Amino acid sequence: MYADYAYLIVGLPVLAFLLCLFVGSRLPRGGGFLTVLATFAGLVLSLGIFSEMYPDKIIHQSMPWFANFNVGILIDPLALVMLLMVTFVVTLIHTYANGYMNGDPGSSRYFAEAALFTAAMLGLIYADNLLQLFIFWELVGLCSYLLIGFWYRKPSAAAAAKKAFLTTRVGDVLFMAGIILLYNNLASLNIALKPGEYLLQFPVIYAHLTQIPPAQLTLIALGLLGGAVGKSGQFPLHVWLPDAMEGPTTVSAMIHAATMVTAGVYLVARMFPLFYAAPYGLTAVAAVGAFTALFAATMGLTAFDIKRVLAFSTVSQLGFMMAGLGTGAAVGTMAVGVAMFHLIGHSFFKALLFLCSGSVIHAVNTNDMREMGGVGKYMKWTMYTMLIGSLSLAGFPLFTGFFSKDEIIVIAYEYGVAINFLPYIFLVLAAVLTAIYTFRMWFTVFTGKERSDYAKHESPSIMIIPLVILAIFAFGFGIAAQGGFYSYLDSNFGHYDVNFNELAVIGGHAAEETKLAGEPAAEPLASEAGEGAKAESKAEPAEPWYIQILPIIVALGGILTASLFYWDKVKKFDPSLVTGDKDPLRKLLLKGYYQHEIMTAWFAETIVYGSALICNVIDIKLVDGWLNWLSALVMGFAQHVRKVQSGVVQNYITALVLGVVVLVVVITMAKEVGLI
Amino acid sequence: MISNAISLMIAIPLLGAAVSFFAGSKAKFVALIASLIPLALSLQMYMEFDKTSKMMQFVESYNWVPSIGVKYTVGVDGIGFPLVLLSTIVSILVIIYSWGETKKPNQYFALLLLNEVGVLGVFTSLDFFLFYIYWEIVLIPMFFLIGSWGGPRRDYAAIKFFIYTHVASLVMLLAIFALYFTYQMPDGSRTFDMLTLLKATADKNIFPTSLLNIIFAGLLLGFLVKMPAFPFHTWLPDAHVEAPTAGSVVLAALLLKMGGYGLFRIILPILPHVDKAFVTIIAIIAVLSIIYGAFLALAQKDIKKLVAYSSVSHMGFVTLGAVAFTTMSIQGAMFQQFSHGIITCVLFMSAGTIQHVVGTRVIADLGGLADRMPKFAVIMMAGFMASLGLPGMSGFVAEFMVLTGSFATLPTYTMIVVFLSIVTTAAYHLWAMQKAMFGPILKKYMNVHDPHAYELFSMSMIIVLTLIFGLQPGLITGMMGTAATQVMQPVMTLSQMGVI
Chain L
1 MYADYAYLIV GLPVLAFLLC LFVGSRLPRG GGFLTVLATF AGLVLSLGIF
51 SEMYPDKIIH QSMPWFANFN VGILIDPLAL VMLLMVTFVV TLIHTYANGY
101 MNGDPGSSRY FAEAALFTAA MLGLIYADNL LQLFIFWELV GLCSYLLIGF
151 WYRKPSAAAA AKKAFLTTRV GDVLFMAGII LLYNNLASLN IALKPGEYLL
201 QFPVIYAHLT QIPPAQLTLI ALGLLGGAVG KSGQFPLHVW LPDAMEGPTT
251 VSAMIHAATM VTAGVYLVAR MFPLFYAAPY GLTAVAAVGA FTALFAATMG
301 LTAFDIKRVL AFSTVSQLGF MMAGLGTGAA VGTMAVGVAM FHLIGHSFFK
351 ALLFLCSGSV IHAVNTNDMR EMGGVGKYMK WTMYTMLIGS LSLAGFPLFT
401 GFFSKDEIIV IAYEYGVAIN FLPYIFLVLA AVLTAIYTFR MWFTVFTGKE
451 RSDYAKHESP SIMIIPLVIL AIFAFGFGIA AQGGFYSYLD SNFGHYDVNF
501 NELAVIGGHA AEETKLAGEP AAEPLASEAG EGAKAESKAE PAEPWYIQIL
551 PIIVALGGIL TASLFYWDKV KKFDPSLVTG DKDPLRKLLL KGYYQHEIMT
601 AWFAETIVYG SALICNVIDI KLVDGWLNWL SALVMGFAQH VRKVQSGVVQ
651 NYITALVLGV VVLVVVITMA KEVGLI
Chain S
1 MISNAISLMI AIPLLGAAVS FFAGSKAKFV ALIASLIPLA LSLQMYMEFD
51 KTSKMMQFVE SYNWVPSIGV KYTVGVDGIG FPLVLLSTIV SILVIIYSWG
101 ETKKPNQYFA LLLLNEVGVL GVFTSLDFFL FYIYWEIVLI PMFFLIGSWG
151 GPRRDYAAIK FFIYTHVASL VMLLAIFALY FTYQMPDGSR TFDMLTLLKA
201 TADKNIFPTS LLNIIFAGLL LGFLVKMPAF PFHTWLPDAH VEAPTAGSVV
251 LAALLLKMGG YGLFRIILPI LPHVDKAFVT IIAIIAVLSI IYGAFLALAQ
301 KDIKKLVAYS SVSHMGFVTL GAVAFTTMSI QGAMFQQFSH GIITCVLFMS
351 AGTIQHVVGT RVIADLGGLA DRMPKFAVIM MAGFMASLGL PGMSGFVAEF
401 MVLTGSFATL PTYTMIVVFL SIVTTAAYHL WAMQKAMFGP ILKKYMNVHD
451 PHAYELFSMS MIIVLTLIFG LQPGLITGMM GTAATQVMQP VMTLSQMGVI
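So the sequences go chain by chain: L and S.
Per the numbering used here, the first sequence runs over residues 1 to 676.
Per the numbering used here, the second sequence runs over residues 1 to 500.
Looking at chain L on its own, in the form it has when it is part of the complex (with noise of 0.2 Å):
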């Protein structure tokens, strides 16, 4: 019953959208309160979904659309766990926005573009076709381009929304072309697609995996990362996110933070099989997210900027699961399963992180920590959320983050063991300098000395309660979902026609597979949960002691450390012996290793801009240039010719005569060589 209505899911925060555009303005805060309802109906509806899909329904609707394409629903546990996931953030931070935003002039036109964003983020989910998930894609980047350059006044949030832009479409051309790629492919197979079926839909393509090239599928696995990464922030497009955090804190923690840079990673997941078949395809996905992880880390370290703290920290997170994802070549599907609960619980704590930061920001009215400092004195309800945020995502023992980012370092560890132990050794660095930056920024905006004069009062209580359910989650998620989590996901690619063992022969990790697997490979999987499960069991006891207890140690340490470094009561080191602008490498950390420098002075400005003047150039002085030159030439020989005119008559008959005689003896020399 409720699966009728799934298009509503989207529908209504379209008609909020239309309404908070229109009227809103005339509304008690611009509408805030229509956004709030609809994504909030939407969780109630992904809800009944839940209710009756659980545990082994999917659904699928689709209606034709234009040429050889279609627009559906499909939602598989997969989707259904970020429908979930994205309707409850959402709807929690829409309900702080309307306290935060209270007052700003434009809070209208803030809640349709957050309406909006949410039709895109939840149609981007439930999408049943490739070419449906683009559009949605691209849609929420466009609801990000205006939300960042809300404040559209401030020059460098209009220049922040452009870059973002930017750089995730040049993702986007690849996914593009990995979209056109895999429909080329598949449109040559001559599929005999029954009828709803489309060329594009996503069991369509699970099912033909392994008739397109393997060449072919690795091209088209990384075009498809090549959107992924810029969507979520990987290296080297990362680098519109820190500067996203322009845009309102809201912002920062909806899209930035818990929905829209997650897609990335869903996309990945969502066409895991493809991966998993292109050869060097999850190799790739776990190069790009062990480095990204560990690089924003480091970058983490020496941000004074708040929210670019956070965002940094995404970057990084991001970067772990894609890792885990990527660790499938080892594993199987079971790292998607991984993979996506560190997505789910990283959106608890990381939306929590950003709004307890916008609290913060909201009374001492800077991003700037260095301004901040013993706010905790005023702030209890804030600090101490924040306090639970910050330990989950540390990772520290119980809480959300230490369960999510634990299983993929273990699974890190296999993949090491089977393949390659760089993406572990990364990713054990980086959790690290998680627990180390995260520190860093509690213990400064929370404690010490007050190093500026703010307004000394807690947040309105608008803003504290979605703070205390979002801590709720971020603390108890972990113990209270992982293993009904990870066995309802490893189901997911069970509803289709798609043959793990297969793929993986294609993929060329037929080895792993079956070891870690522990099953023949000729054996047909008709249910990817039980080889999930049974993977996960065999893998896990053959891992040493050392390895099991090194994330408590990792989060320990890393918080230990931090609080030497800037904890007042305990502050033993100064934190310019790891960074300064005094020698080169200290100061290529605070610069942000001159990325700024080398991506937008030098490449857009220089090299792009650069090549289009050059262009214009040519187009003036050869493409326009030689059209003048042709019409001077006319009226050059025009000033010439014109001299004949002279008015006597027998000149004419001359030249009429003459002209006769040419005619004749052209048409005889004609008619000789065979031409008339």
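Because the hints were derived from the structure by calculation, they are not lab data.
Don't take every hint at face value.
To be verified - Calculated pairs, DSSO-like style, for lysine-lysine (alpha carbon to alpha carbon, straight line, at most 27 Å):
#1 L:Lys154 - S:Lys204
#2 L:Lys671 - S:Lys443
#3 S:Lys204 - L:Lys671
Stated by the list, open to error - Cβ-to-Cβ under 7 Å is the rule here; a few derived chain S residues that face chain L:
#4 Pro105
#5 Gly147
#6 Phe407
#7 Ala408
#8 Leu420
#9 Ala427
#10 Leu471
#11 Pro473
Computed from a predicted structure; not experimentally measured.
Just so you know, even glycine gets a beta-carbon here, dropped at the ideal spot from N, CA and C.
Given chain L's structure and the hints, the job is docking chain S onto it.
Coordinates of chain S only, in the frame set by chain L:
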């Protein structure tokens, strides 16, 4: 069913042009009515249009100059009809946008109507003689619009526009004559009938490849200059920069489409019978137009010139889709014609409004206008997003179909386009948008305000259309599907169709 719908549709604006010329300041009302009726007729035709039919529809055929085989034959199919619809829509919106024109309004609106006559004629003529007459008629109103209402260098621009496209048209005319004089009907007479002549080009005995190559090149030149494609595009920016806003809109939205229409109606049926090297040449021209046009747009300092070069880039997709010769790419290219036709209106109207309200179009001199022109800012933003290919709007559908379809036959060219044009296109749009509209409002612009309601109305109507056709492209592509398959098969003549 209305009989003689097409003739009526062409006759009414012609009559309207004559009346409004003598109507003085009331000309705009005449123009509104004279453009409303064709719009209503075309909507009625849309209802009656049979999307699955392979035949020409609404055909009218009368002998005109029987001694030389000239007939008055008009009719539409999935190639022509969407452009007829586009013409009637754009014409009325341009007239509404120009509601406040005070300089010689009688002539101004008469010329706009005359222009509608010309383009409608081009998109419906099925006789080469008639086709060429309309093709040339179109030049006249545009020449005067630029020459009389244009900017400071209007004389240069008008003459350049006229001579450049006229020379190309003459080359095309020679090619048409070559077709005419080579083919003889079974009874020995000659004909200008378009479909009969095109059908005959498939016959190697009548048109040996060497001869057909030359004819083809002549026709092609005529159309490529009109589109315009690299390297024949340089008349366009000059014409646009000097033309009044309505002139620019009509030029980009309708006149350029004549070139694209020529590709589908005339070039593609001949393409399979000429030297294969032509495919490569046209593909290279298409790719260069797209990429080079985008880079040029990025380098422009005048927002109107930026939009003008974006037309070169976007029309390159039409050429690419056409030459790639798959059902989807042709369909996409046809849709790109339609889509670019509506989107470019809002771009040129935006540029015009900025010029009108602020007094300059130099992007570097603008800033923060969104602050004072909030409604305009939203519409302009939507238009720019549509133009850069945002999904949900018509431009994306068209470009996606072109690229996906073209990949099957021209993979390398397609990928070059994907990689070099998409980000560049986004870059120049966003850069111009950011510089002109965002940031702090400049002091000197503290007193600017949203434009007149009629300007906002025209522009927002286009945004609505862009969204409708972006979300439901089948409304237009449905007609094109059959046409695209038709183009790829030997042309059916009217007598084969049994319509005459």
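Going through the hints against the structure:
Distance restraint check for Lys154 of chain L and Lys204 of chain S: the Cα-Cα separation of roughly 67 Å exceeds the 27 Å cut-off, and the hinted pair is therefore not satisfied. Using a Cα cut-off of 27 Å, the hinted pair Lys671 of chain L and Lys443 of chain S is violated, with the two alpha carbons roughly 78 Å apart. For the proposed pair Lys204 of chain S and Lys671 of chain L, the alpha carbon gap of about 25 Å is at most 27 Å, so the pair holds. The restraint placing Pro105 of chain S at the interface with chain L is violated, with a minimum CB-CB distance near 34 Å, outside the 7 Å limit.
Checking Gly147 of chain S against chain L by beta carbon gives a least distance of about 18 Å; that is not within 7 Å, so the hint is violated. Proximity of Phe407 of chain S to chain L holds as hinted, the smallest CB-CB distance being about 5 Å (cut-off 7 Å). The closest approach between the C-beta of Ala408 of chain S and any C-beta of chain L is roughly 5 Å, which is under the 7 Å cut-off, so the hint is satisfied. Interface restraint check for Leu420 of chain S: the shortest CB-CB distance to chain L comes to about 9 Å, outside 7 Å, so the restraint is violated.
Given the 7 Å rule on beta carbons, the hint for Ala427 of chain S holds: about 6 Å separates it from the nearest Cβ of chain L. Interface restraint check: Leu471 of chain S against chain L, minimum CB-CB distance 9 Å, threshold 7 Å, status violated. With a least beta-carbon distance of about 4 Å to chain L, the hint placing Pro473 of chain S at the interface is held under the 7 Å criterion.
Going down the numbered hints, you'll see the structure goes against 1, 2, 4, 5, 8, 10, while the others check out.
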